[in-house]
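There are 2 protein chains.
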Amino acid sequence: MIFHTDIEVVLNVADMRLTGDAAQEPDLKQDESAAGALIEPHSIAIVGASERSRWSTAIVGNLECHGYTGELHLVNPRGGGIGGRRVAQSCAAVGTEIDLGIVLVPANAVVEVVTDLATAGARAAMILTSGFAEAGPQGQARQQQLTDSAAAAGIRLLGPNSLGFMNFVAQTVAWATPISAPSRQDGVALVSQSGATALFLSSLAYQQDIPLSYVVSTGNEADLGCGTFAALLAADPQVRAVAMFLESVRDPRQFVAAARSAAAYDKPLVVLKVGASEVSARSALAHTGALVGDDRVFDGICERYDVIRVRSLEELMTTADIAGRTGVLAPGGLCIVSNSGGVCEVAADTADTLGIDLPDIPGPTAAELRGLMPDYATPHNPLDLTGGIVPGDCERIVAALGARPEYAALLVPFYPVPLEPDPGDQRLAALHRHIAAALRVTPTPGFLVSYTGSVISGPGRALIEGIGLPYLACGMDRALAGLSSAFWWSQRRRRAVAEVPREVVPGSLPARPRSEREILDLFAQRGLPTVPHTLVTTAPEAIAVAAGYGGPAVLKIASPDIGHKTEIGGVALRVSGADAVTTAFHQVTAAGRAQPGARVDGVMVSPMREGGVELFVGCSQDPVWGPVLALGLGGIWVEVLSDIAIRPLPVGPGDVLDMLNSLRGTSLLAGQRGLPPADLDAVAAAVVGIGDVAVRLGPDLAALDVNPLWVRGDAVEILDGLAVWDTEPA
Amino acid sequence: MIFHTDIEVVLNVADMRLTGDAAQEPDLKQDESAAGALIEPHSIAIVGASERSRWSTAIVGNLECHGYTGELHLVNPRGGGIGGRRVAQSCAAVGTEIDLGIVLVPANAVVEVVTDLATAGARAAMILTSGFAEAGPQGQARQQQLTDSAAAAGIRLLGPNSLGFMNFVAQTVAWATPISAPSRQDGVALVSQSGATALFLSSLAYQQDIPLSYVVSTGNEADLGCGTFAALLAADPQVRAVAMFLESVRDPRQFVAAARSAAAYDKPLVVLKVGASEVSARSALAHTGALVGDDRVFDGICERYDVIRVRSLEELMTTADIAGRTGVLAPGGLCIVSNSGGVCEVAADTADTLGIDLPDIPGPTAAELRGLMPDYATPHNPLDLTGGIVPGDCERIVAALGARPEYAALLVPFYPVPLEPDPGDQRLAALHRHIAAALRVTPTPGFLVSYTGSVISGPGRALIEGIGLPYLACGMDRALAGLSSAFWWSQRRRRAVAEVPREVVPGSLPARPRSEREILDLFAQRGLPTVPHTLVTTAPEAIAVAAGYGGPAVLKIASPDIGHKTEIGGVALRVSGADAVTTAFHQVTAAGRAQPGARVDGVMVSPMREGGVELFVGCSQDPVWGPVLALGLGGIWVEVLSDIAIRPLPVGPGDVLDMLNSLRGTSLLAGQRGLPPADLDAVAAAVVGIGDVAVRLGPDLAALDVNPLWVRGDAVEILDGLAVWDTEPA
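Those protein sequence lines, which keep their order, are chains U and W.
Everything in the first sequence is counted per our numbering, starting at -15 for the first residue and increasing by one.
Everything in the second sequence is counted per our numbering, starting at -15 for the first residue and increasing by one.
Excised from the complex, chain U in its bound form (with noise of 0.2 Å):
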C-alpha cells in the first residue's frame, strides 16, 4: 500500500482552517509572489542564445513584437552577437541586474546556469530545457539536484521542460514558439504542465475569439506548479477565470490554494485533468481501495472546492470563457432564443441532457412578446422567433427576456458572424446589431452563439467589436455545456458563505480498534447512533440478551482477526426463537473455531434490522489527498454501479448531502418504493462522525469502513464496522 505521510493528512485539515500545523509548511504567499515576480520580470538574460536556437529566436522575437518594454540580455559562452544584441559570455559578464534568466542549455548545463545566474543577483529562471524528471530515473537525479541548487542559490524556477510564459498584461510574451495572436486582457488566464497542449489551447482560444491574459507552462514543476500560477492569477484583476490543464496533482495544498483563490475572487477555476483512465498502480485497500479510483477522488475533490471539471480541450477553454464572463448567476434558469424551430428543440433536449432549467415564459410577458412575433409563433421557452421576425422586434423580445428574474442567463443560437461578412446582407447585420443593443444593456448575461461550432475571422472580429455583440463561436452545443457548468458552479457560489469550517485533529483518539465490536464501541462512546449489541459466549447468554431485544437476532462471530464474516457462514440472520438462536450460536462458533489461527472473543447479538436503506460508508488513505470518504448506497449500488460519491476527510453536514444528493439511488431516500423518507440531517450527522473518527484515528487507520449505515425514516444505526491498519505501531 502506498502511504500519505504525516503532513498529507494534516493538509486535509489544514484546508479547512489554517491551524498551527499549517503554518509550519512553506508559504504559499511567498511561492505566489515568486511566481508573480518571475512572470513579471523587467530584465531578461536568455541563456544559451544562439542564432541557429528556434526557441531563442522565437521568444526575442515574441518579447519585441508583442512589446516587452525591459532590458533584454543574451548569454552564451560563445559570445559575440545575434540580430544587433551583443551576447554577453556569462550572466556575471551581463554587468546588470537580471530578474528573469531564461535557460536554454543542454540538460547537462543547466545547474551550472542556474549558479551563474545566482550570481548575477538573479532570483529565477525559467527552464526549457527537456531531459529532467520526464526522462527516466537519470533525468530524476538531475532534477533533484537542480532543486537543490536553485534552492540553494535561492532561485526560484518554472519547468524544466517548461514552453515559458505569455504574460499578455505586462506585454511580456516570454514563449518558445512564434506567437502572433494579439495583445488581449480582461480574459482567461491559462496554466498548464504541457507545453505544447498550452500552445494548442492558445491557439483554439484565439480562432474562438478568447480573450487569453496570461498562459504559463509549468513543465515538470522542479519548483513552481500549476497551483501557485493558478491562486496567483485568480486574484489578477485582468483575470476573468482560470484554465487549467493537468497531468498529475503535483502538490495538493498548491491546487486547493488556487480553488480557494478563484473562490475567494468569484472567479471560475475549470480544470482538464487527464488520466481518468490509468490502470492505477495503487494497492487495494479493503472494498474501498478497489472502488476509489484516484480520478474519481479528483472528482471529489473538484466537488468539494467547487472546481469545475471538464473532459476536452474545447471545453476547457469555452467553458472558461463563458462561466468568466457571466461571473456568479443569480438563482434562476436559462432563457433560449432562437429563429429555427428545429434549433430550439435540439437546445431543448440538450439543456434536458445537461440538467439546466428552462423556465417557461410567465404569463405577461408572453402576451407581451406575442404582439411582436409573427402570428403563428407561440412564446415558449425555448423560444422561436421564427425566420420571418422583424431585426427590431428581436431587440425588443431579447430585452424584455433578459428582464425577467425566471432567467438567470440568456443565449441567442442565432445565425453566425460570417467569416466573410457580406456588405450586402443587411438584413442579417440588422438582426445582430439589434440582438447586440439588447444584449448590452440587459442586466441578465447573454450570448449570441452560432448553431454549430465554427470560428472567428479577423473581419468577424471587427463586426463584433464594432457593434458589442456577446459572441460565442463554439456553437449552440459546447455554449450550453458552459452554461451548465456555470450554473452548477453559481449555485456553489451562492451558498458558500453560509459554510463553516471544521476543524479534527488527525491522530487525536489513541485507540486501535480492530473487531467489529471495539469499532462499534469506538462509535457508541463517540456519541454515533449504533446498533445495540452484546458480546456473549454461551448459548443461554445469546437467548437472553436476544429475548431482550426482542424480534429477531443477529449473530456474528467476534474476533479481531475474521474480517470478512459473512464469507466464513459466521454471520446469522433473522433468528427468531431460543431453539433457532441456539443452532445459529453454535453455527457461527463453529465457524469462527475454523479459522486457523483466529481468536475468537465470542459471539455478538443484536436485532435485526431490515426493511430500510443501507448506506455504505468508507474511509481510506488517498496516496495525492490523504483520507478520503466515500458514500453510496450498499449492496448493487456500490459493488455492480460504483455509485458513490468522495470527498477529502473531514466532511461537513454539507457535504454529505450534496454526495447523498448526487447518488443515482438518491430517491430511495426520499420515500420511494413505500420507505417513510430518511431525516437527511441525521444520516448526515452520522456519516460526518464517521468521517471524523476516521481522521482522529490517525494515518496509520488505512481503511475503515461501516456497511451498512441503516436508514429507515429517522431512525439511523451503524450495523457494521471494518477497520484495516496500515502497520504496526513502533
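Bear in mind the hints are in silico, worked out from the structure with no lab data behind them.
Backbone N, C-alpha and C fix where the C-beta goes; we use that ideal spot for every residue, glycine too.
One should not assume that every hint holds.
Said to hold, decoys possible - So, partial list: chain U residues that the calculated Cβ filter (under 10 Å) puts toward chain W: (1) 71; (2) 114; (3) 118; (4) 120; (5) 121; (6) 124; (7) 229; (8) 295; (9) 301; (10) 400; (11) 421; (12) 623; (13) 649.
Following the hints, complete the assembly by docking chain W onto the known chain U.
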C-alpha cells in the same frame, strides 16, 4: 389510451419479412421512384414566381449558378417577364411538359395550383408555402385537402413547408435561399424535416469540408417523407452516408425502409431526432407505459436496425462523414498517433469514455518504431511521436501501424491545416505531406484531425486536395465520437449476415387471458418455462400441494380482477410448514374477499424461488411503432434506475442478447455476487417466447408484463404474469 391500428401492428411483423399483409401496403419502392424523379427533374415550373419574392429569386439563381441544364419555366397569373424570362399565366399555358412544379403561392391557392400542374402533365410538386399542418386545426384541414387533391391528380408532393432540395449530383439546386457552396459529389446525403436546420447543417458541412451529394427538406411530409428519400439516396452510388434530422417519425415503415436500404448498401444512416425531453402525452400503460418513453422506444428502433443515433448538430454531420468514409471497419481497435503527449492522454481518456478499444502496439512493430522515434519516446498506443519527430519518419511510422491487423482505423491528432497557410513553414508542410502519403496508401482507414474543432478555409481546401490528405477539421473530441459510432455500426454490420428473420402472426392466438393463472397456463402451453402452480380452494389442498412441491411455498390470491396482489396483502411468500400454509391461505383469501366486486377463483400455490436474478419483461403498444418489448433487471433496476432496453416485436434471440448486454446490471447475469452464470440462451429463448405471445394475442393487448422472469444459472422460470386489455371484444 392512444391505440395503434391493426396496420401498425402488422408493420412490425412485415419489416421482419414481407408477408401477405405487407403486400397490401402502399408500395414503398413506388414512393422511392417518385422521390427520385422529383429531385431529378428535366423541366421545372416555378409557380408564383415574382421579382419581389426572395424565394423565387433564390431558386432561379441557384438553378442557374449550379449548372441546371433542364428547362425552367416561370408561372404567375400576372404574366409578363422576370430577368429576361417570359412568365406564363398558368401551368397549362407553359405549353410543354413539366416534371416538377415548385409552388410558392399563398396557402389558400396551393390546391388550385396543384390541380393546374396536373392539367399540364406534371407528376410532382414541391410546396414551399407554409400554413398547413404546422399551423393549427385550420392548417391541418388545408393539408388534408392538399393531400387528397394531389393523390386524386396523380401528383407526388415534397412539402408543404419545405425549403426545397439540392441535388448536387444532377446539378439541380432547387433551394429557396441562396446556396454558394460548390457542387460536391460522393459524400453525405442530408434529409431533414426542418428546412432551416438543413440549411445550417449545409453551412456546417461546407465549413468542415464535408461533401454533400444531396440535401432534401421534407417539411410537413404531406406525401413523401424523410424515410423515402433516405431509402432512395442510400442506394445512390454518389452517397457514402445518409444523415437525417427528424422532429417526429410520421411513417415508421418509411423509416425502417431507409434503415434497411442503408444496411443493404453498407452505408451508415445517422439520425438526430429531437423530442427526447418532451413530456410525452401518451396515456399510461400499466407498468410499462410509465417506463417506456417514446424516445427510448426510438433508441430501441435505432439499436434494432443498426441506425447511429446522435445528439448534436455537429455530431450528425461529422459522424456521417467519418462513418461514410471508413465504411464497414474490419475487426480491431483504433491506433492514435499524435505529436503531443498531453493530447495523447486526453485522447486515451476520451476513447475510454466512448468505449473505443486502443490495442497496444505489438512487440515487433514497437521495436521497429523505436528506431524511427526520438530516444525519449516510447511506442505505446496512443503514440506520442513527440515534437521532435522527423517528417519522413512520421510517414514510416503511420504506414507501419496502418499495416497492423490489430488496428481497424487510425487517428492522427496533429497540427491543423492552417486557415492561412504559411508558405515559409516547410516543416509543417513536410509533416502534412508525409502523413498524407502514409494515410493514402495504408489499407486501414485513417485521418489526420485538428487537435480542437476548427474550420477549413479555401486555401486549406486546396492544400488538402493537393496532397491528398484525409483530414477532419472537427477536432479530436468529435472525431473520436464519430469513430466510436463507426466502430459500433461496423460491428453490427459485420454480424448482420447471420441473423434470420422471424415471422410471428399478430392475433393468431384467440385467447384473452386475464388472471395470472390463465397467463401462466398460456405460457406453459406454448412451451415456455413457467413456475409450477396449482389452484386450490381449501387450506388442506394448499397444504398438500405445498408439500408436494417441497420447500417454502408462495400463496397468491387467484382472481381475474385483482392485478396488483402484493399491495392488498394477497401474496404470502416463503411459507413453510402446514400451520404456516393454513395461516397464509386464510390471509390471502381474506384479502381477496375484501376487494369489492372481485371474483375469487381460489388460491394459487407455487414453490418459492429466491437467490437468483429477477428480470422484468414488459410488452406494450407504442403509438408510433406498435408492439414493443422492454427488458430489464427487476426491482430498483427498473423502478429507480429505469435501466431497460427496448426493441420492436417480435424479437429474436440476438436482439435479447444485445438488450441484456446493454443493461447496466448485466454483470449480475455473468455470475457476480456469488450467483452462478446465467444460461443466456435459455433467458433469450424465454424472452423471445414472451414477446411472441404478446404479438400473437393481437392488438387489443395493451400490456403483457412478466415480473419477474427468474434466472439462476440454467434455471429460468416465469414467476408471474399480468395482462392488460385495451378494449372488450366486439
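**OP:** Answer holds if the nearest beta-carbon of chain W is closer than 10 Å to that of residue 295/U; otherwise answer violated.
**Re:** holds, 7 Å
Original post:
At a threshold of 10 Å, is the proposed contact between residue 301/U and chain W supported by beta-carbon distances?
Top reply: holds, 8 Å
Original post:
Can residue 114/U be said to touch chain W, with a Cβ gap under 10 Å?
Top reply: Nearest chain W Cβ about 8 Å off; hint holds.
Original post:
Holds or violated: is the Cβ of residue 120/U closer than 10 Å to a Cβ in chain W?
Top reply: Cβ of residue 120/U sits 8 Å from chain W, so the hint holds.
**OP:** So, residue 649/U near chain W? Judge it on the closest CB pair being under 10 Å.
**Re:** For residue 649/U, the interface hint holds, since the closest Cβ of chain W sits about 6 Å away, which is under 10 Å.
**OP:** Verify the interface restraint on residue 623/U: the C-beta must sit less than 10 Å from at least one C-beta of chain W.
**Re:** holds, 7 Å
**OP:** Against chain W, run the beta carbon of residue 124/U and see if the smallest gap drops under 10 Å.
**Re:** Because about 13 Å separates residue 124/U from the closest Cβ in chain W, which is outside the 10 Å limit, the hint is violated.
Original post:
Going by Cβ atoms only, is residue 229/U closer than 10 Å to chain W?
Top reply: holds, 7 Å
**OP:** Would you check whether residue 400/U satisfies its interface hint, that is, whether its CB is within less than 10 Å of any CB in chain W?
**Re:** With Cβ-Cβ at 8 Å, under 10 Å, it holds.
**OP:** Answer holds if the nearest beta-carbon of chain W is closer than 10 Å to that of residue 121/U; otherwise answer violated.
**Re:** At 13 Å from the nearest chain W Cβ, residue 121/U fails the 10 Å test, so the hint is violated.
Original post:
Hint check: is the beta carbon of residue 118/U less than 10 Å from a beta carbon of chain W?
Top reply: holds, 8 Å
Original post:
Does the interface hint hold: is residue 421/U within less than 10 Å of chain W, judged Cβ to Cβ?
Top reply: With a closest approach of 24 Å, the residue 421/U hint is violated.
The structure shown violates the earlier hints numbered 1, 5, 6, 11.
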